[in-house]
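Going by our numbering, the first residue of the sequence shown is number 15, and it counts up by one from there.
Wrong hints could be hidden among the right ones.
Unchecked claim - Calculated lysine to aspartate or glutamate pairs in the EDC-like style (CA-CA distance at most 16 Å, straight line):
1. Lys-211 / Asp-506
2. Lys-351 / Asp-239
3. Lys-517 / Asp-273
4. Lys-478 / Glu-450
5. Lys-240 / Asp-86
6. Lys-351 / Asp-314
7. Lys-520 / Glu-487
8. Lys-419 / Glu-192
Derived by calculation from the structure, the hints in this document are not laboratory data. The structure presented is a predicted model; accordingly, all values stated were derived computationally and were not measured.
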Amino acid sequence: MSMKMKFDAKVGLLYGMALYYRTTNIWTLKNIGDAFLSRRNPSRLIIIGAFYRNQMEQNVPGNYVVIQFLGDVQQTYRLYCFSTTQNGKQFVYQAHIQRIHQGKRFVNNICSMAGFIAECRVTSQFLPFVRISTKGNVNESLKLPIEKVSEKKRHKLVVCMAPTYALMEWRILLLGIELWLTLGASRIIIPIQSISKDAFDILQEYERAGLVILRHWPKWPILSDKNPNGLVLSRGIEESHVNCLFFAKPWAEMVAFTDLDDILIPTQPLKVYSTANIDILQNLANEHPQAGSFLFEHRDVRMVLPKDEPMSQLDNFNFNFLINANKKKKCTVWRMKTRVIVNASRVDTINMHESGINRLGYVQVRIPCHRAHFYHMRHSFREQTTGQSIDMNNLVRLLNRNFQKRLKTTLRFIAKQRMNSSLTETLDDFDKCVIEINKEHFKLKVSRCMTPHVCYLKLKSEVKCVASVGNYEFAYASGDFILRLMSARFTDSDQNCDAPISKIVKGNYFYAP
């Protein structure tokens with residue numbers, strides 16, 4: 015064998031050994047190393063809102079901003095606020111953070127995302143914005159606008175509704191709005207996620223008249239490894255209520271938190287007048303001067319909507335069907351679920367059926383059922399033969415008289431509009447889904463968080479719907495992310511009256527949150 019051939023063989027052997035060690039050993043080492051890897055769980059805050067703290071609520075000096083955000087219940091958070099004095103000096107403050115709900119849903123992570131509020135001291139009372147970060151470095155912060163106060167006039171009674179989710183029954187919508195307005199409320203705040211076009215048209219007319227305030231409540235954006243919409247209890251009703259509370263605090267005295275079909279009505283409906291609910295609340299406040307919130311039981315009422323008339327005009331509608339709502343469940347020793355009405359300046363958070371964080375010195379008061387309660391106007395196809403008899407005639411006359419005036423004023427531009435037919439039967443799949451999730455609770459092991467976004471709904475009727483959709487931006491802070499809603503708009507819904515997922519359209523890092 016020549017020297018050249020021996021040299022070539024040695025070179026080939028060296029190349030082969032190098033290739034072997036370059037591939038096999040490195041990958042072997044990598045596979046071994048994978049066993050020791052752990053996944054970092056960064057903080058990812060989704061900002062829901064930022065509001066001025068009313069100085070009349072404070073028991074310490076200074077100017078404060080309250081920031082509401084959605085976060086992981088298994089994590090603790092730090093949040094820093096950066097504001098600037100008139101002299102250009104930067105002021106840094108670490109926020110005081112509290113979870114909205116510290117009760118029964120605090121002990122497990124089935125609904126693994128929930129709302130928090132963070133309170134920051136800032137340099138002046140009405141800053142247009144504040145910068146926030148999970149780190150104490152302003153260069154890793156996100157600019158966060160603070161919501162402006164929308165009303166100047168004080169209102170004695172304001173109603174915060176739960177967000178609309180595939181809301182298509184416009185008659186129940188009208189019932190809820192007109193009952194609250196008839197009995198003393200002067201503003202109704204309704205967050206919109208998805209709703210039928212007909213129902214949305216009605217709400218827009220009430221908004222133009224200054225009676226209703228529509229708020230965007232879009233779905234949250236999908237994060238890189240999870241969908242917050244399926245991990246927040248009941249589509250974020252509690253988070254929505256807290257958002258509504260801070261929005262209304264500067265101009266509302268009392269705020270009711272409820273669903274469209276749950277209304278405070280005098281125990282004897284024959285005794286109704288235009289300020290009935292305000293008088294009920296004022297009398298209770300006089301008896302309980304330290305009350306921050308009142309808890310009212312609600313009683314189911316047998317209510318059957320009028321027979322369906324396809325494509326009927328809005329001005330053909332009336333409330334005569336309530337005359338047949340002549341039974342409601344009696345007050346019993348067994349306590350029912352409650353609805354809450356708060357003194358806006360004395361409470362900071364609302365849970366679904368009670369108040370959460372009361373301001374220092376104020377308490378939650380449970381009202382006896384026989385004294386006052388909500389009427390749960392539950393649409394039913396079943397005859398309710400037992401219960402307390404009620405006479406709705408005076409209430410019906412008052413509602414019809416007010417609604418006829420409304421058709422000539424507030425609703426005059428859509429009075430002749432033909433409305434979609436009844437869609438109460440289309441939510442059968444959702445009812446079945448909720449029943450199955452409730453059954454799981456009795457087994458003490460559940461497969462999912464209790465929220466509509468984990469249910470698949472196939473509506474039986476094709477109805478044009480409107481939905482809120484948002485655009486988000488994010489800031490990266492040494493491994494953490496902060497997201498905020500930049501803008502939201504109303505657009506056509508997805509199939510089945512479902513709202514589209516909001517999009518992340520702006521960020522300062524190559525990793526997605």
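Check: Does the structure keep Lys-520 and Glu-487 at a Cα separation of 16 Å or less?
Finding: Given pair Lys-520, Glu-487 holds - Cα atoms ~4 Å apart, limit 16 Å.
Note to self: What's the verdict on Lys-351 and Asp-239, does the C-alpha distance respect the 16 Å limit or exceed it?
What the structure shows: Distance of about 36 Å is beyond 16 Å: violated.
Item checked: Restraint check for Lys-419 with Glu-192, where alpha carbons must lie at most 16 Å apart -> Holds. Lys-419 to Glu-192 sits at ~12 Å (cutoff 16 Å).
Item checked: Restraint check for Lys-240 with Asp-86, where alpha carbons must lie at most 16 Å apart -> 11 Å, holds
Check: Can the restraint linking Lys-517 and Asp-273 be considered satisfied, given a maximum Cα separation of 16 Å?
Finding: 28 Å, violated
Item checked: Distance restraint between Lys-351 and Asp-314, which requires alpha-carbon spacing of 16 Å or less -> Holds - the C-alpha atoms of Asp-314 and Lys-351 are around 11 Å apart, at most 16 Å.
Notebook entry, point to check: Between Lys-211 and Asp-506, does the CA-CA distance stay at or below 16 Å?
Noted result: 9 Å, holds
Check: Are the Cα atoms of Lys-478 and Glu-450 separated by 16 Å or less?
Finding: 29 Å, violated
Violated hints for the displayed structure, listed by number in ascending order: 2, 3, 4.
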